[in-house]
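Enquirer: Heads up: the protein sequence lines correspond to chains A and B, in order. Note that this note's numbering has the first sequence beginning at 0, numbered continuously upward. Note that this note's numbering has the second sequence beginning at 45, numbered continuously upward.
Hint data in this document are derived by calculation from the structure and do not stem from the laboratory. Where hints are given, some of them may not hold.
[As the list claims (entries may be wrong)] If you anchor each label on the Cβ, the simulated ranges turn out as follows:
#1 B:I427 to A:P118: 39 to 45 Å
#2 A:E123 to B:K360: 57 to 63 Å
#3 B:N414 to A:E123: 37 to 43 Å
#4 A:E123 to B:R393: 38 to 44 Å
#5 B:N414 to A:N5: 48 to 54 Å
#6 B:A554 to A:E123: 55 to 61 Å
#7 A:P118 to B:M374: 48 to 54 Å
#8 A:S146 to B:I363: 48 to 54 Å
#9 B:Y407 to A:G195: 52 to 58 Å
Beta carbons are placed, not taken as given, at the ideal position from N, Cα and C, and that holds for glycine.
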Amino acid sequence: MLEIRNLTKIYEDGTLAVDDVSFTVPDGEFLVVIGLSGSGKSTLLRCINRLIDPTEGEIIWNGIDLAKLEGDELRHARRKIGMVFQHFNLVDRSSVLTNILTGRLGYSKTWPTMLHRFPIEDREKAWQTLERLGIEDQAHKLARELSGGQQQRVGIARALMQDPELMLADEPVASLDPVLAHSILQHLEDLNQEDGLTIICSLHYLDLVQRYSTSVIGLKAGKLVYQGSKKDIRNMTDDEFKTIYGEEAIRISDTSLEGSLGEVVEQ
Amino acid sequence: MKSKKSQIYKEASTLPSIVPPWLAAVLSAIVPGLGQALARAVQRGLVIFFSFISIIGLLVWRFKDAAPRDEGVVDIVRKAFRLEPIFVLISILFVIFYIWIIIDAYQMAKIAGKPDKRKPIVVMVLLILVFFVIGWQIGQIDLYAFVTKFGDALPAISRVLWPWERAITYPEETWMGTAGLETPCDDTPPPPTEPLEDKPYLIVDPTCGTPSEQIDQEDGTIEVMPGTKLHVEGYNFTPEKEVEIWWKDPAISQFRHREGGDILRVIPDENGYFEEEITWPYRLIPDSYLEGGANWELQGRQVTTIGDWEFSAELKMAIEKMIETIFIGMMATFFGIILALPFSFLAARNLMRANAFTLGIYYLVRGVLNIIRSIEPLIWAIIAIIIVGLGPFAGILALVVHSIAALGKLYSEAIESIDSGPIEAVTATGANWLQTIMYGVIPQIIPPFVSFTIYRWDINIRMSTVIGLVGGGGIGYLLTQWIRMLDYSAAGIAVWFIAITVALLDYISAEIRERFI
Numbered sequence: 000m001l002e003i004r005n006l007t008k009i010y011e012d013g014t015l016a017v018d019d020v021s022f023t024v025p026d027g028e029f030l031v032v033i034g035l036s037g038s039g040k041s042t043l044l045r046c047i048n049r050l051i052d053p054t055e056g057e058i059i060w061n062g063i064d065l066a067k068l069e070g071d072e073l074r075h076a077r078r079k080i081g082m083v084f085q086h087f088n089l090v091d092r093s094s095v096l097t098n099i100l101t102g103r104l105g106y107s108k109t110w111p112t113m114l115h116r117f118p119i120e121d122r123e124k125a126w127q128t129l130e131r132l133g134i135e136d137q138a139h140k141l142a143r144e145l146s147g148g149q150q151q152r153v154g155i156a157r158a159l160m161q162d163p164e165l166m167l168a169d170e171p172v173a174s175l176d177p178v179l180a181h182s183i184l185q186h187l188e189d190l191n192q193e194d195g196l197t198i199i200c201s202l203h204y205l206d207l208v209q210r211y212s213t214s215v216i217g218l219k220a221g222k223l224v225y226q227g228s229k230k231d232i233r234n235m236t237d238d239e240f241k242t243i244y245g246e247e248a249i250r251i252s253d254t255s256l257e258g259s260l261g262e263v264v265e266q
Numbered sequence: 045m046k047s048k049k050s051q052i053y054k055e056a057s058t059l060p061s062i063v064p065p066w067l068a069a070v071l072s073a074i075v076p077g078l079g080q081a082l083a084r085a086v087q088r089g090l091v092i093f094f095s096f097i098s099i100i101g102l103l104v105w106r107f108k109d110a111a112p113r114d115e116g117v118v119d120i121v122r123k124a125f126r127l128e129p130i131f132v133l134i135s136i137l138f139v140i141f142y143i144w145i146i147i148d149a150y151q152m153a154k155i156a157g158k159p160d161k162r163k164p165i166v167v168m169v170l171l172i173l174v175f176f177v178i179g180w181q182i183g184q185i186d187l188y189a190f191v192t193k194f195g196d197a198l199p200a201i202s203r204v205l206w207p208w209e210r211a212i213t214y215p216e217e218t219w220m221g222t223a224g225l226e227t228p229c230d231d232t233p234p235p236p237t238e239p240l241e242d243k244p245y246l247i248v249d250p251t252c253g254t255p256s257e258q259i260d261q262e263d264g265t266i267e268v269m270p271g272t273k274l275h276v277e278g279y280n281f282t283p284e285k286e287v288e289i290w291w292k293d294p295a296i297s298q299f300r301h302r303e304g305g306d307i308l309r310v311i312p313d314e315n316g317y318f319e320e321e322i323t324w325p326y327r328l329i330p331d332s333y334l335e336g337g338a339n340w341e342l343q344g345r346q347v348t349t350i351g352d353w354e355f356s357a358e359l360k361m362a363i364e365k366m367i368e369t370i371f372i373g374m375m376a377t378f379f380g381i382i383l384a385l386p387f388s389f390l391a392a393r394n395l396m397r398a399n400a401f402t403l404g405i406y407y408l409v410r411g412v413l414n415i416i417r418s419i420e421p422l423i424w425a426i427i428a429i430i431i432v433g434l435g436p437f438a439g440i441l442a443l444v445v446h447s448i449a450a451l452g453k454l455y456s457e458a459i460e461s462i463d464s465g466p467i468e469a470v471t472a473t474g475a476n477w478l479q480t481i482m483y484g485v486i487p488q489i490i491p492p493f494v495s496f497t498i499y500r501w502d503i504n505i506r507m508s509t510v511i512g513l514v515g516g517g518g519i520g521y522l523l524t525q526w527i528r529m530l531d532y533s534a535a536g537i538a539v540w541f542i543a544i545t546v547a548l549l550d551y552i553s554a555e556i557r558e559r560f561i
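Construct the entire structure; sequences and hints are all you get.
Expert: Here you go:
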């Protein structure tokens, strides 16, 4: 179970990115974070695995406050938290296999990895993961030679190599077209349902939120403005929608088009 | 700032002239530009004044340069006009410019305060023309000479363009027949030469005599005593191939025989036989050699090629020096990389902006690299030669210094432009600092580093050919030597090698770099 208590992040330039946010994520949840660009979604996710150090607050995960960890303890905690990024953040000029094996770095001894040596079990695990995501024939290509959807699958595979208990996904489908977006989210859903992985995912498209989430939180200007279950989000009212996305936001609803049921357009 | 300036300009131009037009013209005739300035066109006046002053300065210098030994303005000008007619053109343009200044002052004073402005396009063209013609004179540009003397240079140029006859040689052997002679004649002159089988020999008649001599008379005149006339017959020489007649005197110095001032060359007939009348030449040896009889030798020398062609010494030298050049470039690049790497991290803003101290180091390193880079490798080579002397090491040093600066800048820019995304992702997996550098940073900087390094290697090899010109070793050194010896064919070989190597390298480095970017 992950419990965020009074989390606040103020950047050096004085920007208040996350403002006193508290919420709880039970294990096995598929939590979706919604909100406008700049509402603090990315900062919130990065505070959890401490890519960004929070200014105040506690992040209690399995009884440990992640916000207070340093050095090796922090790295050991990070190993159990996978992360998927909007722009995939693969090393373009390394092979797919190397990119995926990167996920094992936290578990490996430093010096062998300097020579790109990984234990045989790790390599086997890498192939299994590649197969699971259906990209085993891309293993020896360079990451940059892959299409966007394939790159994101490599991103997921890298996170899976960590044997994560928690998966953070920072707008994982924002750089992909709707069909690919579904395929990537289905992979995440599989992990959630079959492996019981807790997933915290920020999303923009409301139809995707309605389709995949088990619970939802909404951020606006760093503040938590909405909290609801899957059922709540299906019955979300326009007023609630506007609290999150602002007065100017309109809701496009076109039930005839699968894959783009609802979309937020900023005007 | 700018708007304020234009405001002042506007204010000034709306005011009427301080002086009447005629006075402005007179003042500009005395001090060019003063009239314009007083007519409230201060900028225009300043431009005119400084243009005028600089033209006057240049003209005084050039006229004195053209007629250095003359005194007085009139003499100097007359002589300069006669020696270099281009001065007439310069003077005419200058006078036109001067007259224009006076007219312009008058008109500027007249229109001052009125909205219409005169744009000085014509005079700008005139001014540029004046400087252009002066530049032509200073540069000693002589298109006539370029065209007419081009023909004289053609043989040399054609040898540079196609030097390959010089690339091969045929080994030569000197085929020699001799006959002995004695001076002065005594009771037992040497016997005539014994005929030989298969080998050339000479038979001289008589076998003794006296060399030509000049005797100083008491009245100061010189009496010439021609030497003994000799009838020379040659046998067994290679038919139809030129034979040179040489002498070996008692001091064993050897010299060509000259008959009437020209070197004597004879062509044997189809049997290898020739005959020739020659006069015993002057002696260069002191009298003491003649006492008690001295032996001379007459030689018939025939140079023949034997065997197959082989590569010439020049070609071998060019190849050796070309290889040396490539290695100079390689070693310079190698040391350049090693030394540039630490600097590149210090000169990367994204790594150094953490605090004021590191930022200070950043600016310092950047500044030093920029200064080093702005000094030509040729200058560094001259400095290096002072320290370590002529040779490849000086060239390497010069290129290393320049490479550090150039690579340091390129590397640091590559570091500055890396994507933070992969670093973030690797950090998120729980990797430690070293692993993050190895997996997040290095894969990103290796391709540009390799690319820049190969590019630098390419440049260094091209530059090492130039650095050789000042004595930094390699093929450039050879090239200057051959050019100074007027051996244009050999120089042509060097030029060809440089061209081929540079072209090949260009291609190879482009190919390799393409794979890395």
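Enquirer: Now tell me, hint by hint, if it's right for this structure.
Expert: Evaluated hints:
The supplied range of 39 to 45 Å is broken by I427 of chain B and P118 of chain A, whose beta-carbon atoms lie about 55 Å from each other. The beta-carbon spacing between E123 of chain A and K360 of chain B, approximately 59 Å, falls within the hinted interval of 57 to 63 Å. At roughly 52 Å, the beta carbons of N414 of chain B and E123 of chain A sit outside the given window of 37 to 43 Å. The hinted window of 38 to 44 Å between E123 of chain A and R393 of chain B holds, with their beta carbons roughly 43 Å apart.
The hinted range of 48 to 54 Å is satisfied by N414 of chain B and N5 of chain A, whose Cβ atoms lie roughly 50 Å apart. One distance hint, 55 to 61 Å for the beta-carbon pair A554 of chain B and E123 of chain A, is violated here, with the actual separation near 41 Å. A hinted range of 48 to 54 Å is violated for the C-beta pair P118 of chain A and M374 of chain B, which are about 39 Å apart. Taken as a hint, the range 48 to 54 Å holds for the pair S146 of chain A and I363 of chain B, whose Cβ atoms sit roughly 51 Å apart.
Remark: the range hint 52 to 58 Å for Y407 of chain B to G195 of chain A is upheld by a beta-carbon distance near 54 Å.
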